[in-house]
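Chemist: All chains, please: the whole structure from these sequences, using the hints.
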Amino acid sequence: MKTRVLLILVGVLLLGGCEKSFLPRQISSSPITLDNASQLIQLQRVGKCVIERVAWSPKGDLLAVTTYCGILYLYDSATLLPTISFDVGKAISSIIFSPDGTKLAIGYADDYIKLWDANTGLLLHTFEKSSKGNAFEIAFSPDGQLLAAGGKVHVVNVWDTKTGQLLHSFPGNNTFYVYAIEFSPDGDTIAIGGDYGIELMSATTGDTINAFEYEGVVTELSFSLNGTIIVSNDGQVLDLEAHQIQNNLGELCGMVFTRDSNTIITRSHCCEDNVSFQVWNIITGQLIHSVELPQNKNRYPFDPYALSPNGETVVTVDKNILQLWSIETGQLLRENQDHISWAASIAFSHDGQMLAAGETNGFIHLWDFTNGRAIKTIEGHTGRVSSIVFSSDGKTLISGSWDKTVRSWDIPSGQQLSEIKTDGYITSIAISPDSKLIAARTEEQNILLWHTGKDEPPTLIESPVYAYRIAFNLDGKLLAVAGNNKIILWNTNSGELLHSLEIPKDFEFSTLVFSLDGKFLASGGIAFSSWEVKTIIFLWDTTSWELLQVLEGNKVIWAEGPHGIESIVFNPASDILASGGGDGVILLWTPANGQLLTMLDLNSKTESTLNNVNTLAFSPDGRYLASGSGDGTIRIWGLP
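Residue numbers (the numbering used here): 1 to 640.
Among the clues, some could well be false.
Below, a list of computed lysine-lysine pairs in the PhoX-like style, where the Cα atoms sit at most 20 angstroms apart [as the list claims (entries may be wrong)]:
| no. | residue 1 | residue 2 |
| --- | --- | --- |
| 1 | Lys376 | Lys395 |
| 2 | Lys395 | Lys319 |
| 3 | Lys376 | Lys421 |
| 4 | Lys404 | Lys376 |
| 5 | Lys519 | Lys505 |
| 6 | Lys519 | Lys477 |
| 7 | Lys477 | Lys436 |
| 8 | Lys436 | Lys486 |
| 9 | Lys486 | Lys421 |
| 10 | Lys404 | Lys319 |
| 11 | Lys436 | Lys395 |
| 12 | Lys505 | Lys534 |
| 13 | Lys477 | Lys505 |
Here are the computed distance ranges between Cβ atoms for each label pair [said to hold, decoys possible]:
| no. | residue 1 | residue 2 | range |
| --- | --- | --- | --- |
| 14 | Tyr214 | Thr263 | 43 to 51 angstroms |
| 15 | Pro304 | His499 | 44 to 52 angstroms |
| 16 | Ala592 | Lys534 | 21 to 29 angstroms |
| 17 | Gln416 | Leu81 | 42 to 50 angstroms |
| 18 | Pro620 | His499 | 24 to 32 angstroms |
| 19 | Asp260 | Leu166 | 29 to 37 angstroms |
| 20 | Glu213 | Gln416 | 54 to 62 angstroms |
| 21 | Ile245 | Gln145 | 27 to 35 angstroms |
| 22 | Phe528 | Thr79 | 48 to 56 angstroms |
These are calculated hints, taken from the structure and not from any lab test.
All figures in this text were calculated on a predicted structure; none of them were measured in a lab.
In this text, a Cβ means the ideal position worked out from N, Cα and C, and glycines have one as well.
Modeler: Structure (structure tokens):
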């Protein structure tokens, strides 16, 4: 057993180390070619993934953080430094510490519950599903010997945490869905919240002890420390002894934590950008204290948060950053920025020494690709960084964002050099190979074009098509603009319209790129018809402008709309085309004949845009392929 624990701890340490480094575990000695493309493997994964749920330990000394990659991290709450991490799987619906803090119970959307040792990461028990949907909400008894769970059907299951044996399976008489579940302080009663109020059940017999029926769905509830009062998310203060509603505090969003038998701390403003917490006297209904955390339009009401056991501190997740706040003063106490968010754009510097990643939260991260060290995080954008490019000398970074700005940054200092404000979201920017000309797609049919190093405003070009994607060719003399079932090509010196490439109707562009040898132009997107939706990549010969290949690529994923091909990129030799999409798969093609060389799967288990491949970049030496995903990771692919 000691050997097994040691091996697990070694694996955990290795996993934690990999998350902090961009240096591939194995250095590829040769570039990716047509002959060896089928041998590509994932060398490295960087980023701790998008945060899914957070939970405090009973003593308040640890924070458990689960991610969409299926990794759980434990952080020291005093320092927000990680102590251990281990793989707990995906699709987590709930997480809770045992009362003594030594175990973690995790409920999964596939109806299982797993019990983990919080000190070693060992899996102790898997509580099998006894009926569909019983892992949504879970609760420990005060002595930690029982674990109760409820879910989609009106059944509450109770297990022995030592043996893993199912002890009871009780029907909930007054509810169909079990949205909340909690043991009373003495462990004798289980309170369940559902569609029609709150029901109190005996923890041993399952008999109904009491019921408070009213309109409204109860998704959270909490017992007072003396067990005589229950407060629910709809603001109901229930007096269990008098069997009546004592007060109504109004809508309370999320968890209600009882600090003592008369005072509670709640969160409100469920549907607003700001986050505030209130301290109430539940006997009188009086608001004692209120604190509002700084308003941030990128924070959403459903972002994870949790109050500390002593009610003094709250942990929130803002832009995928863990933040600890004082409930008394509203001051930020400490934060952890280890978890990057959705990687919306990535780029290598021209010498391959640096890798940059732009996030949906507005941050830009820079790494030294030779040693794996983080160089800096650039802050300034307030919206998704949709496109980033390096200057040819590697000293400047240009970024376009959904905050309607194009900005340039001095890489050594991280300072902003310039800012161009536009009238719409920036979905695409392009820089000529000599870095003297920059183009940006802005709102409607407008394109901004300007010369770097010149003190003059950008030229506004009105495109004859709805400009969505833009790209310069190898010598910078051609600017391609994709939109409205057309690709048009301009001479950047004269402004003359040279060519117009027709695309089949009902085609939505998502990508546009020239090969580095200038021989190919590739565009990708989604094609709609009356009977199907599919992804297509078009390949043109840039000499004759003949359509060479039509490739059917990644599977269309439906998640808040169709997601197909998100990114395409040529390798430096221009004999390999890589495409990535919403299905979490990277496809490598031969552009000359349209042959599919290989497929790299990110092992997505669910059809979710969090698992997509939305940005790709080859290193300048052709040895590595980098991919960025919505799960908060960047992966490096190469030869073993």
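Chemist: Does each hint fit the structure? Answer for all of them.
Modeler: Verification of the supplied hints:
Distance restraint check for Lys376 and Lys395: the Cα-Cα separation of roughly 14 angstroms lies within the 20 angstroms cut-off, and the hinted pair is therefore satisfied. A threshold of 20 angstroms between alpha carbons decides the hint, and for Lys395 with Lys319 the separation of about 27 angstroms lies outside it, so the pair is violated. A hinted pair counts as satisfied when its Cα atoms are at most 20 angstroms apart, and Lys376 with Lys421 does not qualify at roughly 25 angstroms. As the CA atoms of Lys404 and Lys376 are separated by approximately 23 angstroms, the hinted pair breaks the 20 angstroms bound.
Distance check on the hinted pair: Lys519 and Lys505 sit about 25 angstroms apart at the alpha-carbon level, beyond 20 angstroms; violated. The hinted pair formed by Lys519 and Lys477 meets the criterion: a straight-line CA distance of about 14 angstroms does not exceed 20 angstroms. About 11 angstroms separates the Cα atoms of Lys477 and Lys436, which keeps this hinted pair within 20 angstroms; it holds. Between the alpha carbons of Lys436 and Lys486 the distance comes to roughly 27 angstroms, so the proposed pair goes past 20 angstroms and is violated.
The straight-line distance between the Cα atoms of Lys486 and Lys421 is roughly 27 angstroms, outside the 20 angstroms bound, and the hint therefore fails. Distance hint between Lys404 and Lys319 is fulfilled; the C-alpha atoms sit about 19 angstroms from each other, no more than 20 angstroms. For the suggested pair Lys436 and Lys395, the alpha carbons sit about 14 angstroms apart, so the restraint of at most 20 angstroms is met. Restraint check for Lys505 and Lys534: satisfied, since their Cα atoms lie roughly 13 angstroms apart, inside the 20 angstroms limit.
The hinted pair formed by Lys477 and Lys505 fails the criterion: a straight-line CA distance of about 28 angstroms is larger than 20 angstroms. Checked against the hint of 43 to 51 angstroms, the pair Tyr214 and Thr263 fails, with Cβ atoms roughly 24 angstroms apart. Against the hinted window of 44 to 52 angstroms, the Cβ-Cβ separation of Pro304 and His499 comes to about 50 angstroms, which satisfies the hint. With their beta carbons about 23 angstroms apart, Ala592 and Lys534 fall inside the hinted range of 21 to 29 angstroms.
The hinted range of 42 to 50 angstroms is not satisfied by Gln416 and Leu81, whose Cβ atoms lie roughly 31 angstroms apart. With their beta carbons about 29 angstroms apart, Pro620 and His499 fall inside the hinted range of 24 to 32 angstroms. Between Asp260 and Leu166 the CB atoms are about 35 angstroms apart, so this pair conforms to the stated range of 29 to 37 angstroms. Against the hinted window of 54 to 62 angstroms, the Cβ-Cβ separation of Glu213 and Gln416 comes to about 59 angstroms, which satisfies the hint.
For Ile245 paired with Gln145, a C-beta distance near 32 angstroms keeps the hint of 27 to 35 angstroms intact. In this structure the supplied range 48 to 56 angstroms holds for Phe528 paired with Thr79, their Cβ-Cβ distance being about 52 angstroms.
Of the hints listed earlier, those the structure fails to meet are numbers 2, 3, 4, 5, 8, 9, 13, 14, 17, in rising order.
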